[in-house]
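Protein chains: 2
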Amino acid sequence: MRTFLECYPCFLSQALRAGRLATNDEVQIKRLLDEVGAMFQTIPLESSPAQSGRLIYRKVHEVTANPDPYRQIKQRNMQQALGLYPELKKIVARSEDSLLAAVRIAIAGNVIDLGVNHDFDIEKEIEAVLVKSFAVDDYKAFKDQLQRTRSVLYLADNAAECVFDRILIEEMKKPVTFAVRDRPVINDATREDAAKAGFGDRVTVVSSGTDAPGTVLETCSREFKELFYRSEFIISKGQGNYEALSGQHRPIFFMLKAKCAVVAADLGVAVGDIILKSING
Amino acid sequence: MRTFLECYPCFLSQALRAGRLATNDEVQIKRLLDEVGAMFQTIPLESSPAQSGRLIYRKVHEVTANPDPYRQIKQRNMQQALGLYPELKKIVARSEDSLLAAVRIAIAGNVIDLGVNHDFDIEKEIEAVLVKSFAVDDYKAFKDQLQRTRSVLYLADNAAECVFDRILIEEMKKPVTFAVRDRPVINDATREDAAKAGFGDRVTVVSSGTDAPGTVLETCSREFKELFYRSEFIISKGQGNYEALSGQHRPIFFMLKAKCAVVAADLGVAVGDIILKSING
Numbered sequence: 039m040r041t042f043l044e045c046y047p048c049f050l051s052q053a054l055r056a057g058r059l060a061t062n063d064e065v066q067i068k069r070l071l072d073e074v075g076a077m078f079q080t081i082p083l084e085s086s087p088a089q090s091g092r093l094i095y096r097k098v099h100e101v102t103a104n105p106d107p108y109r110q111i112k113q114r115n116m117q118q119a120l121g122l123y124p125e126l127k128k129i130v131a132r133s134e135d136s137l138l139a140a141v142r143i144a145i146a147g148n149v150i151d152l153g154v155n156h157d158f159d160i161e162k163e164i165e166a167v168l169v170k171s172f173a174v175d176d177y178k179a180f181k182d183q184l185q186r187t188r189s190v191l192y193l194a195d196n197a198a199e200c201v202f203d204r205i206l207i208e209e210m211k212k213p214v215t216f217a218v219r220d221r222p223v224i225n226d227a228t229r230e231d232a233a234k235a236g237f238g239d240r241v242t243v244v245s246s247g248t249d250a251p252g253t254v255l256e257t258c259s260r261e262f263k264e265l266f267y268r269s270e271f272i273i274s275k276g277q278g279n280y281e282a283l284s285g286q287h288r289p290i291f292f293m294l295k296a297k298c299a300v301v302a303a304d305l306g307v308a309v310g311d312i313i314l315k316s317i318n319g
Numbered sequence: 039m040r041t042f043l044e045c046y047p048c049f050l051s052q053a054l055r056a057g058r059l060a061t062n063d064e065v066q067i068k069r070l071l072d073e074v075g076a077m078f079q080t081i082p083l084e085s086s087p088a089q090s091g092r093l094i095y096r097k098v099h100e101v102t103a104n105p106d107p108y109r110q111i112k113q114r115n116m117q118q119a120l121g122l123y124p125e126l127k128k129i130v131a132r133s134e135d136s137l138l139a140a141v142r143i144a145i146a147g148n149v150i151d152l153g154v155n156h157d158f159d160i161e162k163e164i165e166a167v168l169v170k171s172f173a174v175d176d177y178k179a180f181k182d183q184l185q186r187t188r189s190v191l192y193l194a195d196n197a198a199e200c201v202f203d204r205i206l207i208e209e210m211k212k213p214v215t216f217a218v219r220d221r222p223v224i225n226d227a228t229r230e231d232a233a234k235a236g237f238g239d240r241v242t243v244v245s246s247g248t249d250a251p252g253t254v255l256e257t258c259s260r261e262f263k264e265l266f267y268r269s270e271f272i273i274s275k276g277q278g279n280y281e282a283l284s285g286q287h288r289p290i291f292f293m294l295k296a297k298c299a300v301v302a303a304d305l306g307v308a309v310g311d312i313i314l315k316s317i318n319g
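The listed protein sequences correspond, in order, to chains B and D. Residue 319 is where the first sequence ends in my numbering, and the numbering goes up by one at each step. Residue 319 is where the second sequence ends in my numbering, and the numbering goes up by one at each step.
Calculated directly from the structure, the hints in this document are not laboratory data. The model shown is predicted, which means the values in this text are computed figures rather than measured ones. For glycine and all other residues, C-beta sits at the position ideal for the given N, C-alpha and C. Please note: incorrect hints may appear among the correct ones.
Unchecked claim - With the Cβ distance kept under 7 Å, some of the chain D side facing chain B (calculated, not the full set):
| id | residue |
| --- | --- |
| 1 | L43 |
| 2 | L54 |
| 3 | L71 |
| 4 | Q79 |
Unchecked claim - Just some of the chain D residues that point at chain B, by a computed CB distance under 10 Å:
| id | residue |
| --- | --- |
| 5 | E44 |
| 6 | C48 |
| 7 | Q52 |
| 8 | G57 |
| 9 | R58 |
| 10 | R69 |
| 11 | F237 |
| 12 | V241 |
To be verified - Listed next, with one range per pair, are the computed distances between beta-carbon atoms:
| id | chain 1 | residue 1 | chain 2 | residue 2 | range |
| --- | --- | --- | --- | --- | --- |
| 13 | B | P82 | D | K128 | 49 to 59 Å |
| 14 | B | R229 | D | K162 | 51 to 61 Å |
| 15 | B | R240 | D | Q66 | 49 to 59 Å |
| 16 | B | R229 | D | Q110 | 53 to 63 Å |
Please build the complete structure, drawing on both the sequences and the hints.
Next up, the structure:
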């Protein structure tokens with residue numbers, strides 16, 4: 039997905055939010071905004087927002103010297119998500135179509151996105167997503183192809199969201215390679231976060247090699263790219279991964295909630311809609 | 039009032055909004071965003087947002103070659119406001135304190151602010167402002183000092199708001215010098231706009247000499263500054279004028295609705311609050 043004009047004010051707001059978390063030094067944050075503003079001319083409309091986000095968050099790190107401004111928030115969200123796990127399992131257990139319920143729960147977890155959303159109420163979100171209609175609904179293809187695949191490449195999004203992903207992974211009953219960011223960026227999942235989610239033996243956690251807030255392939259490791267291109271079944275969670283991969287011709291299922299007008303427009307849906315979209319490789 | 043960190047993303051959003059109205063050429067708007075972003079390092083936190091706004095909207099003009107992107111919107115709003123005038127007069131006529139009702143109506147008109155607000159429902163706004171409590175209430179001082187003053191300097195804000203100002207001016211029954219922007223900026227009132235509001239003989243319309251979206255004195259004409267410093271009773275409408283003049287020690291009554299978190303914080307009120315604040319000269 040390309041960058042839209044509306045992304046630039048959002049980049050600046052994101053830099054401000056991260057800057058405020060990274061430091062209390064207003065002069066430093068002002069310098070961050072100045073430098074992010076000055077970067078715009080090097081961020082073309084043709085690049086994906088996730089690609090640009092990488093540059094923005096690198097600048098946050100460079101100017102504030104804080105490599106992980108969202109660390110505490112991530113930890114808090116992770117504790118909250120782990121506390122919800124038993125209840126989420128019960129919801130799946132009493133569902134008519136437990137796989138569908140698990141997909142919905144995995145999408146509900148996607149609301150924990152501090153790049154775009156400030157405030158969210160995760161329990162309310164789960165309730166809503168369990169009954170909401172998909173604006174793009176490729177569930178049938180998802181279910182069919184899942185039965186045939188030997189393994190799943192699962193592209194993680196946010197840290198605490200991993201607990202919700204675990205629910206889906208446990209329902210899929212396939213070996214899963216769970217790919218996370220190489221270094222902290224916003225509240226995205228890293229290896230350290232994934233380790234807390236309580237995945238069992240069926241899950242191998244790997245780094246994609248990127249520090250972008252999305253699986254921007256040019257910035258991923260050679261090993262990950264090889265894995266990506268030979269995978270027969272890929273789940274891509276969240277906006278950042280959608281932004282980075284929407285132009286790929288691989289067997290990807292995008293699961294996300296459209297949280298901003300730009301991504302919603304790109305998908306042809308409304309803000310707030312939930313999506314399970316298949317790209318056939 | 040100083041510039042806050044939160045103002046910078048807002049400057050960029052404002053540039054984007056004005057740019058979209060000024061031209062359909064996406065490449066041109068991208069250049070506008072690039073150039074506004076690059077300007078941040080020349081906009082210190084010590085300057086007022088209205089001062090910075092002047093630079094932003096000058097850049098919109100420079101890059102898009104459109105000196106008045108809000109022209110059509112201003113005309114539409116003006117027609118709407120003129121259509122409301124008879125009803126506004128009736129509201130004042132049936133009020134117990136007709137001056138207070140007129141003050142409230144003048145503040146309600148301040149909602150027509152396209153720099154900060156995209157959408158508004160003016161009739162709903164009037165209803166709300168007529169009954170809402172002032173978060174800062176210097177009405178008594180306003181009424182007392184008005185009785186003693188020989189004349190009023192009235193600093194206009196937005197174009198269609200002039201019709202609402204007219205209601206208050208007619209109630210004050212004093213000679214009024216009505217100061218507008220020298221050139222179009224956002225939807226602020228110029229001489230051309232004020233001429234449409236239907237002011238009677240008691241009102242002299244003058245230009246403040248500025249093209250800032252607020253009465254930024256350094257950018258005003260010598261004539262206006264002389265007038266300003268010798269005025270014994272000044273009404274200042276809206277956020278832009280408040281931003282520019284809040285640090286002055288002159289007999290100013292600020293009338294506005296706090297529309298953004300930054301101005302609300304500076305005033306110590308909540309977003310959406312209405313204010314009639316006196317500064318004693």
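These are the hints, each one checked on the structure:
1. L43: holds (6 Å)
2. L54: Holds - the Cβ of L54 of chain D comes within 7 Å of chain B, reaching about 6 Å at its closest.
3. L71: Result: holds, 5 Å to nearest chain B Cβ.
4. Q79: holds (4 Å)
5. E44: Hint holds; E44 of chain D Cβ to chain B Cβ min 7 Å, cut 10 Å.
6. C48: Holds, about 8 Å.
7. Q52: Result: holds, 9 Å to nearest chain B Cβ.
8. G57: Cβ of G57 of chain D sits 8 Å from chain B, so the hint holds.
9. R58: holds (8 Å)
10. R69: This interface hint holds because 8 Å falls under the 10 Å limit.
11. F237: It is violated, given that the least Cβ distance between F237 of chain D and chain B is near 38 Å, above 10 Å.
12. V241: violated (39 Å)
13. B:P82 - D:K128: 49 to 59 Å: holds (56 Å)
14. B:R229 - D:K162: 51 to 61 Å: Check passed, 52 Å falls within 51 to 61 Å.
15. B:R240 - D:Q66: 49 to 59 Å: Given range 49 to 59 Å: holds, Cβ gap about 53 Å.
16. B:R229 - D:Q110: 53 to 63 Å: holds (55 Å)
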